[in-house]
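Chemist: For reference, the chains in residue letters:
4 protein chains.
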Amino acid sequence: MLIVMKKNASLEEIEKVIERAKTAGFEARPIPGKERTAIGIIGNDHPIDPALFASCPGVKETIPVTKPYKLVSREFMPHDTIIQLGSCAIGGDQNFVVIAGPCAVESETQALSIAHHVKQRGATLFRGGAYKPRTSPYSFQGLGKRGLKILAKVREETGMLIISEALDHELFDIVEEYCDIVQIGARNMQNFSLLRRAGKSKRPVLLKRGMSATVEEWLMAAEYILHEGNDRVILCERGIRTFGDHSRNTLDLSAALFVMRETHLPIIIDPSHASGRRDQVIPLSRAACSLGVHGIMVEVHNNPERALSDGPQSLTFEEFDELMRHLNIIVGSMKILKSTTSGMRKVEGNNLDFENLFFKTGLLSTKGVTKGEGHDTISRL
Amino acid sequence: MLIVMKKNASLEEIEKVIERAKTAGFEARPIPGKERTAIGIIGNDHPIDPALFASCPGVKETIPVTKPYKLVSREFMPHDTIIQLGSCAIGGDQNFVVIAGPCAVESETQALSIAHHVKQRGATLFRGGAYKPRTSPYSFQGLGKRGLKILAKVREETGMLIISEALDHELFDIVEEYCDIVQIGARNMQNFSLLRRAGKSKRPVLLKRGMSATVEEWLMAAEYILHEGNDRVILCERGIRTFGDHSRNTLDLSAALFVMRETHLPIIIDPSHASGRRDQVIPLSRAACSLGVHGIMVEVHNNPERALSDGPQSLTFEEFDELMRHLNIIVGSMKILKSTTSGMRKVEGNNLDFENLFFKTGLLSTKGVTKGEGHDTISRL
Amino acid sequence: MLIVMKKNASLEEIEKVIERAKTAGFEARPIPGKERTAIGIIGNDHPIDPALFASCPGVKETIPVTKPYKLVSREFMPHDTIIQLGSCAIGGDQNFVVIAGPCAVESETQALSIAHHVKQRGATLFRGGAYKPRTSPYSFQGLGKRGLKILAKVREETGMLIISEALDHELFDIVEEYCDIVQIGARNMQNFSLLRRAGKSKRPVLLKRGMSATVEEWLMAAEYILHEGNDRVILCERGIRTFGDHSRNTLDLSAALFVMRETHLPIIIDPSHASGRRDQVIPLSRAACSLGVHGIMVEVHNNPERALSDGPQSLTFEEFDELMRHLNIIVGSMKILKSTTSGMRKVEGNNLDFENLFFKTGLLSTKGVTKGEGHDTISRL
Amino acid sequence: MLIVMKKNASLEEIEKVIERAKTAGFEARPIPGKERTAIGIIGNDHPIDPALFASCPGVKETIPVTKPYKLVSREFMPHDTIIQLGSCAIGGDQNFVVIAGPCAVESETQALSIAHHVKQRGATLFRGGAYKPRTSPYSFQGLGKRGLKILAKVREETGMLIISEALDHELFDIVEEYCDIVQIGARNMQNFSLLRRAGKSKRPVLLKRGMSATVEEWLMAAEYILHEGNDRVILCERGIRTFGDHSRNTLDLSAALFVMRETHLPIIIDPSHASGRRDQVIPLSRAACSLGVHGIMVEVHNNPERALSDGPQSLTFEEFDELMRHLNIIVGSMKILKSTTSGMRKVEGNNLDFENLFFKTGLLSTKGVTKGEGHDTISRL
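Chains as they are written, first to last, in this note's numbering: chain D, 6 to 386; chain E, 6 to 386; chain G, 6 to 386; chain A, 6 to 386.
Treat the hints as calculated values from the structure; they're not laboratory data. Just so you know, not all the hints are guaranteed correct.
All copies of an identical chain are treated as equivalent in the list; a pair is satisfied when it fits inside any one copy or across any two copies.
To be verified - In silico SDA-like pairs for lysine to any residue, Cα to Cα no more than 20 Å straight-line:
1) K124 with R160
2) K343 with E323
3) K12 with I68
4) K12 with E40
5) K11 with I68
6) K150 with H174
7) K205 with H174
8) K65 with E40
9) K21 with G48
10) K11 with C61
11) K11 with R79
12) K27 with E40
13) K150 with D178
14) K207 with E181
15) K11 with P62
16) K158 with H122
17) K12 with R266
18) K207 with C93
19) K27 with S15
20) K72 with V9
21) K12 with R34
22) K65 with R266
23) K11 with D250
24) K21 with C61
Can you make the complete structure from the sequences, with help from the hints?
Modeler: Structural data, given as structure tokens:
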């Protein structure tokens, strides 16, 4: 941490800061400047609480130098965290997962028909809300436990993995019992007791970014979970709130890139909530995939017009088919890129059937593709 | 609700919307325009879920006409809600309350010394965090139950009313047991199960606005509480998150004005969290008071330099004295304004002991200005 | 436009609104509702100024129904605008252009070395600032006219098209004289006299989105230019200002999608200014390309460490080579998608040498790619 | 400036940064930390361009320590800048000015009737747009030069000072010729050539804050003007763009406080544009005044319903009278506060004619409260 003193700071005030740093077990290195003195605080294993100095007389500002998060950072754990659930792996540079399903579970028929469809097209996880966080107490709140039982049925019948949201402490127990992954929603990103509960879970946790959370706050929320002992956290960027009114939220791809660089945790994108518009889900999914994230979560409905919530952003079956076709092509092109770009994160997406796909698309027809020629090609352009 | 059809919407599509409106029990009034057709949906007692129409083919957009909140609105309840706690009344046009105390309860000595001081200066409620929501798991998390016992001691010794935050469902029970008012923090504004729990409480609830909540979302959160049966809700504007970096948040006074106009609930301002800067708390408090809100909540500490949290925004005792002196003058001038402005909300601030305060602040000493003419003057206006 | 009356609006007030609408030459259709009356205003060729009604007594709010922009909208002009400059076409579904160059022109050597490099790799337009808008008067302000002469030299030597920013009215004349495309920067997006000047130009204009401009304001700015007679406008999304601090701005891809849907104008993305971070430029460019926009504009420097401005976001030559290799693959995969997706915008990007590329990558080896199998593939996944 | 090196930064990389700092004429003080090395750069008279180091290999981030602005800062000029125009003084701790008038000059009758009214109530400056920046090319654009002639007539007839906006370089000349103060609008805050032109003017300049400008960017815009030689700049906070939709913008009072603390320039508030709602202008003006700023600028119209622009936010004559009555009370109470608070900015507001105003507002009539005790009281404090 760097402490910047006021221009007119007295020697006593400077001494006081240094002494306080020492009593707190740190070292203090004054940097006398032309205009003012700055003091570098070092020797801290964990981040320093600015409050310790911010209130000292003569202090102008305190500037954190090291990041406040630790367990989630690559500096702490350099290798990608890979969450293995049966045959499905989330994270690392080998996988691209598609989580699909309705916003809310409405009935067994609805859930099953959607699940069978998305499963057949290549989705590996099924999402569906049993307990819905709704802005209005007058909106549909979800089927509750009945919804979870339906999800269990879906897994039983389709073999898909199940993910659903836990709205609070109590519900966490039951959602954890029924689901393979427990979701913590954007509105609960800083519900610290829920985060602590999640930290004690044996289930992986999908942590959505808060609507106006800085990336740092988001990572600190994940830090809560890891700190309690659960290191199987999947981050999910779902758009932030801005002044814009042409889409429901603003998808923040830079945040995803920052997360992939700074942390070892898997990150996926939710284009449905980010845009709130069905017509943007497919192109934003292509964008997310070409970015190199670990997967996407999209809303699909057998009859969006009749959806009890978020109808306007749910894909129809036909649209979902198109989405998957597009994703396969993009995942394929990412594969070419990885193979020709040293040091680039690999996204083999090997839980999609590539051999087959690439043959069909001709991508596999020339072995040379992945070594060298690709590059020659370009240089000749 | 107004439904705007696409330019090329077919007659069938228009018919379909009308029919769906009818099956939902509403009336539909088409407005054929030069460019496109719009359809007015009427006959609804409660707001309509846009999802019902947004997904119909041919629909361009759905525009809500009536507000989604009901119980909190003045249209539903025209008179100000006044929350009476012993001699202290919050809300209405007769009161201006000052809630003061440390960010976090640190020890009995700390709490009592602060309480005695602010009580003597005219504060009627004591705030202090026992359970702290902290961005970092490595920061001080509060004394928990011990903190609540200390707060109880404060009430016992000073007779002040006590307010503290409940972080979740479970903690609500215990906070409710110890405190006169239970606070729901900004990060929990859309923690719907917590809101429902608050709705079942016999205690008044102070509901802080979420960091990036629209006023409508905020009022809908309050609607949750009223909907469960608890109509004693105090709203608290504490600043919103913007791109600005010169203050911790941006105090949104327009939101307070909007709330006073649209709802019957009391609203107070928290200048400490809004600015995050001690030097801005007093002027922002004057501004809040001159706006006509029902009170303020400020952080005060006996030794801000040593505060375990939010030191930089806590007032010293001397600063708090100055704050109260300033508030009394502003409250006084508001009193003049009310008495001379027809239809303006009255703020008599009569739960502040003027005689005593003016004396304390020394205003009384000068030529009987305030004991005598000054004060009479005001009452005579 | 829909006018919503207050609950207690009198018949007179309603009459007054209707009368005012008529005197303004519109028709008014009252919609008496259960709670309140709404009035639909129709028969307007161009958008209505809300001020006309917003101030009438009894009016609660005015809700615009038709969009305020006209000339830029697809409803007005359904076909993509394609801007042809020599062999380079911008817009439509056949092209993907790469605009590259330094933030600021620093010297002839610098400009030429960068131009030769990016030209050889497939960039068709060269960007370089001669007049720089800098937040600080103490920062490098650009070489001015000398910079423009250098740009002219670049065109002469490399045959690339030249684009540079005009900061004001006066400078527009000279920039227009030297460049093939004149850029209007984000800070000038609502510099209306500059927009009018641009509207009288014979040059195409690249209009960047303002840092906090809504898409509607942005399109209205373009409307100014078209309204003055210049319909060759290229829109450029360059990120918006949000609370986020992990990137310089937040790239708003939803805005690009909205623009492609609502308008007929070409749109490109500037990932360099959007992120402000060199390490994000390549992945964001892939994302932009996979979205289907008409091109990108990136900063490249022969020696970023020494760049006089925006060094941290400029690509090195090696990074630019990698960018182009990545783009070719993504553009290629977009081509497959177009050919297999009915109604999808085509991006052949035929000003890159695809024949050659696709042969090398094998994409062209199977004709079957573009019919059917692609889809079968998926169904088998 | 503090330069933070990456954990794995090599000694060479550190050396390189130090060497670059030296060649740039600064001193570099390395601070070897437990985790990483930081380097303090000192010995700079003016702010350092981060680009100089940000692009060096091994550099993690550069943290500016000294502020980038100089001429506008109190550290450079400790005393308040007071702009004296005839009998009217803007700035310092003795003055509170009221600038009033219509959004746009519509006719001589309109302008004169408004001017006579606001003048009589105590406004000292008359505002009125001759050239209007309008989002839509289809909206009223102002009367242009004819509008300026009308403003001149207003000054001639009423003796009020005149202020109007200059949209560009060219128009600046003519606005400067007719007006006492030239306004630069929010949309032009970073129109640098306009700022430079303003820096060469003999007229004071009112510089509005950009809709999404950080305070630092705003002060840097002012720095441009001072840097060119014109140190008579008045800052105007007019609300920032946020996600909120309950008001047109969000008034940022913390920015005003920050400005008063950091700079010596006068600052006023524009509650009309900040809220965009007539019903919020009076309370926000009270808030601004109680904050201690140097004045306000409000929109007043003789017939808001018929206003050609911004009708909904313009005050009626009756509302303006109420505003002035309120302001006098608040200014009066601020006077009490100043006289009893050591070191607090004084706001005597002595360029408002209290005697006259209190009489006009009727406060004088009531039992001599204000003529006599009331007023004496205040002066006696």
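Chemist: Against this structure, judge whether each hint is valid.
Modeler: Now for the hints, and whether the structure bears them out:
| no. | hint | in the structure |
| --- | --- | --- |
| 1 | K124 with R160 | within (11 Å within a copy, 54 Å between copies) |
| 2 | K343 with E323 | between (30 Å within a copy, 16 Å between copies) |
| 3 | K12 with I68 | both (16 Å within a copy, 18 Å between copies) |
| 4 | K12 with E40 | within (6 Å within a copy, 29 Å between copies) |
| 5 | K11 with I68 | both (14 Å within a copy, 17 Å between copies) |
| 6 | K150 with H174 | both (15 Å within a copy, 19 Å between copies) |
| 7 | K205 with H174 | both (11 Å within a copy, 18 Å between copies) |
| 8 | K65 with E40 | within (13 Å within a copy, 25 Å between copies) |
| 9 | K21 with G48 | within (18 Å within a copy, 25 Å between copies) |
| 10 | K11 with C61 | within (11 Å within a copy, 29 Å between copies) |
| 11 | K11 with R79 | between (36 Å within a copy, 13 Å between copies) |
| 12 | K27 with E40 | between (25 Å within a copy, 18 Å between copies) |
| 13 | K150 with D178 | within (12 Å within a copy, 24 Å between copies) |
| 14 | K207 with E181 | within (8 Å within a copy, 32 Å between copies) |
| 15 | K11 with P62 | within (9 Å within a copy, 32 Å between copies) |
| 16 | K158 with H122 | within (15 Å within a copy, 59 Å between copies) |
| 17 | K12 with R266 | between (38 Å within a copy, 14 Å between copies) |
| 18 | K207 with C93 | within (17 Å within a copy, 49 Å between copies) |
| 19 | K27 with S15 | within (19 Å within a copy, 29 Å between copies) |
| 20 | K72 with V9 | both (18 Å within a copy, 12 Å between copies) |
| 21 | K12 with R34 | both (18 Å within a copy, 19 Å between copies) |
| 22 | K65 with R266 | between (32 Å within a copy, 13 Å between copies) |
| 23 | K11 with D250 | between (42 Å within a copy, 19 Å between copies) |
| 24 | K21 with C61 | within (8 Å within a copy, 35 Å between copies) |
Consistency note: the structure conflicts with none of the earlier hints.
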